[in-house]
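*Asks:* Now for the letters of each chain:
Protein chains: 2
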Amino acid sequence: MERELDLKNIQITDEFWSARQRLITEVVIPYQEDIMNDRIPDIEKSHALANFRIAAGLEEGTFYGMVFQDSDVAKWLEGVAYSLAIHPDAALEARADEIIDVMEKAQEEDGYLDTYFILKAPDEKFTDLMECHEMYCAGHLMEAAVAYYESTGKDKLVRICQRMADCIDSHIGPEEGKIHGYPGHEEIELGLLRMYEVTGNEKDLALAAYFIRERGKMPASSRKSSRQGAARPFWGGAHIDLPYYQAHDVVTKQDTAKGHAVRCMYLYSGVAEYALLTGDEELKKACDVLFDDVVRKQMYITGGIGQVADWEGFSHDYDLPNDTAYAETCASIGLVFLAHRLLKMRADRKYADILERALYNGVLSGMQLDGKRFFYVNPLEVNPDLSGKLPGYRHVLPQRPQWYACACCPPNVTRLVTSLGKYAWDEIPAGTAHGANESALDTVYSHLFVGGEAKLSHAVIRTETCYPWNGRVSYTIDNADGSEWRLAIRIPGYASEVTVTVNGTAVALADITENATAFGESDRITAALASGYLYLTAAFTTGDTIEVSFPMEPRVSYSNPKVRANAGCIALERGPLVYCFEGVDNGADKGQLLQELRVPADAAITPQPITEGALDGLYALDLAGERCYFENENTEDELLYSQARPLHEEVNLRAIPYFAWGNRGINQMRVWMPEK
Amino acid sequence: MERELDLKNIQITDEFWSARQRLITEVVIPYQEDIMNDRIPDIEKSHALANFRIAAGLEEGTFYGMVFQDSDVAKWLEGVAYSLAIHPDAALEARADEIIDVMEKAQEEDGYLDTYFILKAPDEKFTDLMECHEMYCAGHLMEAAVAYYESTGKDKLVRICQRMADCIDSHIGPEEGKIHGYPGHEEIELGLLRMYEVTGNEKDLALAAYFIRERGKMPASSRKSSRQGAARPFWGGAHIDLPYYQAHDVVTKQDTAKGHAVRCMYLYSGVAEYALLTGDEELKKACDVLFDDVVRKQMYITGGIGQVADWEGFSHDYDLPNDTAYAETCASIGLVFLAHRLLKMRADRKYADILERALYNGVLSGMQLDGKRFFYVNPLEVNPDLSGKLPGYRHVLPQRPQWYACACCPPNVTRLVTSLGKYAWDEIPAGTAHGANESALDTVYSHLFVGGEAKLSHAVIRTETCYPWNGRVSYTIDNADGSEWRLAIRIPGYASEVTVTVNGTAVALADITENATAFGESDRITAALASGYLYLTAAFTTGDTIEVSFPMEPRVSYSNPKVRANAGCIALERGPLVYCFEGVDNGADKGQLLQELRVPADAAITPQPITEGALDGLYALDLAGERCYFENENTEDELLYSQARPLHEEVNLRAIPYFAWGNRGINQMRVWMPEK
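Protein chains in written order, with our numbering: chain A, 842 to 1517; chain B, 842 to 1517.
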C-alpha cells in the first residue's frame, strides 16, 4: 500500500463530477492551450509558449507577459498530466511532450529555467526573491513534472526540474556565500517536496526545509538585497509589508492568517507536506493553529478566504464583508490543499468537512457551468449597480469574464478537478503514524462521496451516489484480496439520522460508538466511529456492500454574532452545498430587490430539481418568504426613513446552489438573507 | 421688513446653542487664527495669511499650501463677521481689518486676487477653471465680504471683491473673445449673488447667471482649454469625469445628485439663491427635483450626504453603506444651505425638517464637544479594528483629528453655527411671492426652536426652550408695533400630540386646520395650519404668549427596505436627534461587540440625563435589549457557522446623541442596530 494514490486507478463516473472532469478535459484544457498559443482572437496576448520557444532559440522575439508567465504553462501541464491519467489522449500527450522538449532546450547550462529572466533580465536572476516569482514558477513546474511522470511514466520534466532545483540550491541556502532568503510567493516548497517524493533526492527536501525554516527570519537577504540598484520595487511598492508575504514571523509562531491568502495557503500546505514527510510535530501544530484560525474566524461560509481585495488576502477576525469579498478561487483551492494534507496526517472530519465546503462552493463557483468563463473573485453578495463599478467594488464582477491576462485561477481549477480522485480517497498503510487513527491494519479512506471505481491495494471499490443531490452512497467490494483491512468513510458533520447498512443489515450511526459494533449475526464486519469517520473492519469479501444514507434536509445556518456583515441574517445549505438567491428567481423582473426579502428560519423548504436552462440538473430550494416595502412605494411620497414598520407581502423565494450563480446573465445575488 | 435678517438682532441664549456659539467664538475662531498664522506647533503649516502678506509685498517668501489655501482665510473671515455680529470684539475686528488691508495690498492692478496664481503661477490665471479653485476662493471671499459688511458696516472687502468680480467678468463670459466656461468647484455663484444683494450691481447677477446657465454645456472652454500645455491634469486626473463636477448636463436637466456632494450642494444653493432673487420657476423646480432626489434616495438618517470616499460624493439610489460613509461635514452644511434657500422660497416643513436633521446630526457631529477637534467624515458605523486602517475604511476615523492641512470643514461649521440666527428666523414681507404661503400680511417664520431674543420688524420675540431635550417652546411678544402680522411656527414632522397654547388657551394641533381657528373667547388671534407651519395671525400685543408643546418620545425608525445596509435594522431618534450606540456604554469592557446586540422595536426607552463626563448635559436613551452569542463562546469550540440559533441574554443598552459620538476615546459606534 502506497501513501500516494495512482490517479489512473481512480475512475470517477458519477453525474456531478464526471461531467465537470469532462468539461475540463474537453473545453478548458484545449481552450487554455489555444490561449497559450495565441490562437484566440480578441483576448489579451498570452505569449506563454512563445516565451519558451524564444528562450529555446526556436523562434525570434522577446519576452512578453507577466514576470510569472511561465507558471501558466506549468499549471496547464499539471492539469494535462491529471487529465491524461483519467482520460488518456495520445495527441494531447504528444503536444505536451513537445512543450517539455522546448523547455529542455530553453534550460540554460547551469540548469536555470525562467523565461522572464533568461530573455528579459538575465542580470537580475535571484536578485528579488520577494517580488519576482522565480521560485514560484519553478515550484509549479516541479508539481507539473511529478504529475506528468506519475501519469505517463516520462521523467524528462522531472530531470529538467531537478537541474533547476540544483541551480537554485547552488545560489540560495544557509551556507556562506549563498543568498539567505526565501521566496515572496510560496509554492516552491510544495514543488520541491513533490520532487523529493519521486526522486528521493535529499537535497530537494533540505532546500524545502530551508525555505520553510528561513521564512520570517529578519533581516532576510531576500528583502535586503531585493532588486539592488532598482529605482523602485518591482510591483510599485504597493504590497511591501511583511505580513503580505507571511514574512512577519517564523512559520511556527504565526497564529493568525495574514496577508495574501493564496500565498498563505501555499505556504502552510508546503509546511504540512513537510510535516507529513518528516513527522515534524512542531510544524504540524503550526499548520493546525493556522488552519483553525482561518476556519474559525476568517472563512466565508462558502469556504472562500481572503476578504480584502487590495492585497487579495486576510483581514481581521470576524470581518467577513459579503459584497466586497475577494475570496479568490485559488485561495479556496489553497484551503483544499492545506485541509487535504492535514487530513493525511490525521483523519479528522473537521479537515474533510472544510475541504468539501471549499470544493463544492468557493472553488466550483470559480467556473461557469459551461467551463468557458472563470471568476477570480467569489463574493457572497453582488449588486450590479455597484459591482465592478464603484470604488471598493471594482474587483467584484457580476459575471465571469472570459479569461484573464493573469491566468491564475482557471488552470488551478483544472488541476484540482482533474486530480479529484486523490482528494476523494486515501490509503494509509498499517502502522503509519496517523494520530489517534494509527492502526495495525491498512486503512482505505473515503473522504468525499464521489461515484466511480477505485482500484485500491486490497480491493476494487465501486461507489454509487447521486451526491450532492441526495445522501445515499453505496460501496461495493470487488476483487477482494482476502486480507483484513479497514474501510473508513467520512460522515459529514452536517448529516443527521445517518444509517449504515452492511450487507443488508442497517444500524443507526447513533448506535455505533468508538468500540466495535457488529453487523448482523456474524461479527465478520465491525464498525466503530472516531473523529467523524466510520471505520469498518473486516477481511472484506467480494460482494460486500456498505451503504451510508442520511436524509438531505435543507438547513438554515446562522453566522457567529461576532460577524458584523451577517447580523440578523441566515443562509441556506443542503448537503455540502451553500445556496444563494439570485434576482432572476426572486422577482427582479418586477423590480424586487434581494434586500427587501425576508427568509423565515422555520420556512418549509422544498428541494426542487431544475430541468431546463443553464441550471438543468441542479436542485433549487423553494420556500415561502416575505417582501418588505414602505407604503407609497415607487411614488413621490415614498419615504427613505419612517417610524412605520415596513409593510410586507408573501412571496415565493428560490435559492440555487452558490456555485451556479452568475450563469443566467447579470443580476443581484446574495447568500445571507435577513431573517424574517 | 427686509428679507435678509440682521444677525445682530438675533440673540441666542438657550443652553444648547449659546454654548456652541461660545465655543466657536472663544475656541475655534482664535485657534484657526493661530493656525493661519502658523503659531501652533506640531501641526502642518498653514501659511494662509503669509501667502497674502507675501503677495502684498509685506513679507518675503513663496506661496505655500493648497491651490485653494486662500479660502481658509475667507471662510474664517466670514465666521469672524458672524461672530462679531453676535459677540462684538473690537480687538478681533481690528485684526480682521488688518487682514483685509493686506488683501487690498495683495490685489493686483486689474482686480485679480488669488495668492496661488499671483505668487506661484502668474501665467496660469484662468487657464484651468475646472481644477484650480480660482472661482471657489473668490466666491468664499465674496461671502465673507458681504457678511463683514453686514456685521461691521465696513465695505472695504466688498469693494475688493467687486474689483475681483469685475476682473473675472472681463475674462469669462458669453461674449466673443472671453473664456466660455464655468468653475469646477461651485461657490462663486453664491458669492456673486450675495454681492449683488448688497451692491445691486447687475453685472454680479449676470455673471452668476452665466455660470449657472453655462454649466453642463459642452464642450466648455473650461474643459477644452483646461491647463493647455500642462503634462497632466492638476489633480493627477483622478476626478476627471463630468458628473464629479455636476457638469454632465445643464442644471435644469440634472434629476439625480451626482459627483462631489459639497460641490453639488453649493451649486444648487446658488441656483436656489438665484431663483429666489429672480423668481425663475424653472431653476426653482430644478432645485426641488435635486433636493428631493437627495433626501429621498441618497441621504443618511443623520442628514449626511455623499456616500463614496473616492470622490467625496454620491453613489446610487439607496446605496447607503454605514461603515464606509463619507458624509462630509461640509456636505451636510451644503444641504442646510440648500434647504434654507428652498424654505425661503416656500415655507414647507419638508425643507426645514431636513435642515434641522442635517444641522443637529450630520453637521454637529463634525465638531468635538470641546470645539478642539473636527471630523470631515461622519460615518454611521465605526469599527476601530478597520476604520482608518483597512482599504475602503482609511477615511473613516474613530476619533476626530486635531486639524487638517485642508481646513475645509471646521471654518464651515464656524460660519454656520455663528450665523444660526439666520436659519432660525425669517421675515417674509407681505405680498412676496412665496408659493401657497403668499400673504397680504408680513410673516415672521420660526423655523428652528432656538431660545433667545429676536428683534424683528413688528415686535421683539423672546423664545424660551430646552430644545432639543424637550418639546416645549414658548414665544413672548414684546415691543409690538400694533400692526397685524403672522407668526409662523414650524411643527416638526416627527412631533405628535402637539398642543398650541395662546395666552393660556390650549388647542390640540389636530383641531387646527387650514382655516382660521380662534383661541379663547376673543378671536383676536387665529391659527391655521399649512405645509407643516402653524400660522398665528393677529395684531399681536406686547405680552402675547404662544406655547407649542409636544411630548418628546423616543422613536424607533426604519429604513426603506430598498436600503441594503439597514435591512433588518432600526435606529433610535428623539426630537431632532438621531442616536447611536457606542461600545463604551454597551459592554465593550466585557468584550461585547455592537453587532452582537439586538434592539427590540417595542422596548421601553427611557431618556436619561447625563450629569457627568464629556457628555454632561446631554440625554441618553436607556433600554433593555439582548446580546446574541454562540455557545462555547471564546473557547476553541466556538463555531463560525452553525445550525443552532444564537443564544441570547438580556443586556442593558444605552444610546447617545449621534453628534456626541467619539468624545470618549476610540471605540465602536453604530446608528443602525439589528432589530430583535
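Worth double-checking, as some hints may not be accurate.
Same chains, same names: a pair is fine if it fits in one copy or spans any two.
[Said to hold, decoys possible] Keeping only pairs whose Cα atoms sit at most 27 Å apart, straight-line, the calculated DSSO-like set for lysine-lysine is: (1) Lys1230 with Lys1094; (2) Lys1058 with Lys1230; (3) Lys946 with Lys1517; (4) Lys1263 with Lys1058.
Simulated from the structure, these hints should not be mistaken for laboratory data.
*Asks:* Give me the numbers of the hints this structure contradicts, sorted from smallest to largest.
*Replies:* 3 and 4
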